[in-house]
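**Student:** Knowing the structure of chain A, use the given hints to seat chain B on it.
Sequences listed follow chains A and B, in order.
Taking the working numbering, I'd label the letters of the first sequence as residues 1 to 131.
Taking the working numbering, I'd label the letters of the second sequence as residues 1 to 191.
Source of the hints: derived by calculation from the structure; they are not laboratory data.
Keep in mind that a hint or two might mislead.
Claimed, not checked - Covered, in the sense of this in silico footprint (three residues per stretch, anywhere, with C-beta under 8 Å from a C-beta of chain B), are these stretches of chain A:
#1 14–26
#2 66–74
#3 116–129
Since the structure is predicted, the reported quantities are computational estimates derived from the model, not experimental observations.
Glycine included, each C-beta is placed from N, C-alpha and C at the ideal position.
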Amino acid sequence: MNKKVAIIASNGGLFDAYKVFNIATAAAATDQEVAIFFTFEGLNLIHKNANKQLPMPEGKEHFAEGFANANVPTIPELAEMALEMGVKFIGCQMTMDVMGLEKEAFVDGIEVGGAVTFLDFAKDADITLTF
Amino acid sequence: MNSMKANVILDAKGLACPMPIVKTKKAMVGIEAGQVLEVQATDKGSKADLKAWSDSTGHQYLGTLEEGDVLKHYIRKSSGDESIERKHPNVMNNDELEKKLEARENIVVLDVRETAEYAFNHITNSISIPLGELEQRLGELDKEKEIYVVCRTGNRSDLAAQKLAEKGFTKVINILPGMSKWSGKTTSLNN
Chain A
1 MNKKVAIIAS
11 NGGLFDAYKV
21 FNIATAAAAT
31 DQEVAIFFTF
41 EGLNLIHKNA
51 NKQLPMPEGK
61 EHFAEGFANA
71 NVPTIPELAE
81 MALEMGVKFI
91 GCQMTMDVMG
101 LEKEAFVDGI
111 EVGGAVTFLD
121 FAKDADITLT
131 F
Chain B
1 MNSMKANVIL
11 DAKGLACPMP
21 IVKTKKAMVG
31 IEAGQVLEVQ
41 ATDKGSKADL
51 KAWSDSTGHQ
61 YLGTLEEGDV
71 LKHYIRKSSG
81 DESIERKHPN
91 VMNNDELEKK
101 LEARENIVVL
111 DVRETAEYAF
121 NHITNSISIP
131 LGELEQRLGE
141 LDKEKEIYVV
151 CRTGNRSDLA
161 AQKLAEKGFT
171 KVINILPGMS
181 KWSGKTTSLN
191 N
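Just chain A, with the same shape it has in the complex (with noise of 0.2 Å):
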């Protein structure tokens, strides 16, 4: 019946926080089942702090004005619409371990778990995908 995408996100940027909720958000909006493994640097992208001050690539600066005039919504927006649609987030523990961070750091509502949580999702998926 529905398709299952799973995601993992290992890079902590702004255009890769796009990437990521944005194909998340609209696969869920399209009755699609969706996971995403936040890891390393893509634990940014959840990190109540972080996720609000991502940084562009370097060089690229001059894209937050299109940003802005594009009517982009912000990452915690997107974050959060995706968590509304039922989007699963997964944060990687052993990512949290080495950098000392606790689940409280985070949005609220995700899963921590290891590298089987996510391929016991993935492991069925339709699409899965990686940024």
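**Tutor:** Same frame as chain A, but now just chain B:
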């Protein structure tokens, strides 16, 4: 231009991808099966996106009108009426109707789909009365003429044909399957 009635209008103007889709998804939840949603957007990608979205979620994408910078997309919520038992005894298939039209027989083709569906594509010279308005608009039809009723798949036209028969119309024929497979002449907004 034809009147294009939508049951619900969604304003997604000024929003960037993926917001028009996200808003459409939410709006669709609140409307009834068979009703038409008009999505107003300025995101140029929304045309391809909403068509693909409709295809993968099972809703019926009717078409898009461009008015200046605004794209108006029309989508009909899936009706789940595919398995309804048809009851009107007089039926005819698309090909036979097409032959009658080619022979220029003096017949009436009544299209009972929603006005937005009709506007985007309909049999040339057919009359539009949506099923929901039929009862109030019977006066527009001539009881003496043969009336060929058409919709998308033959279900709404079956209900319309039953309604007409009940109201004393004797020469009513339901066309199967209808516009979903129609290959004859049409008039459409996009050509």
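**Student:** Evaluate each hint against the coordinates.
**Tutor:** Verification of the hints:
Evaluation of the coverage hint for the stretch 14–26 of chain A: fulfilled, as 3 residues show C-beta separations to chain B shorter than 8 Å, against a requirement of three. Coverage of a stretch by a chain is defined here by at least three residues with a beta carbon nearer than 8 Å to that chain's beta carbons; for the stretch 66–74 of chain A and chain B the count is 4, and the condition holds. Coverage of the stretch 116–129 of chain A by chain B is violated in this model, with 0 residues showing a Cβ closer than 8 Å to a Cβ of that chain against a need of three.
Violation of the numbered hints given earlier is confined to hint 3; every other hint is satisfied by the structure.
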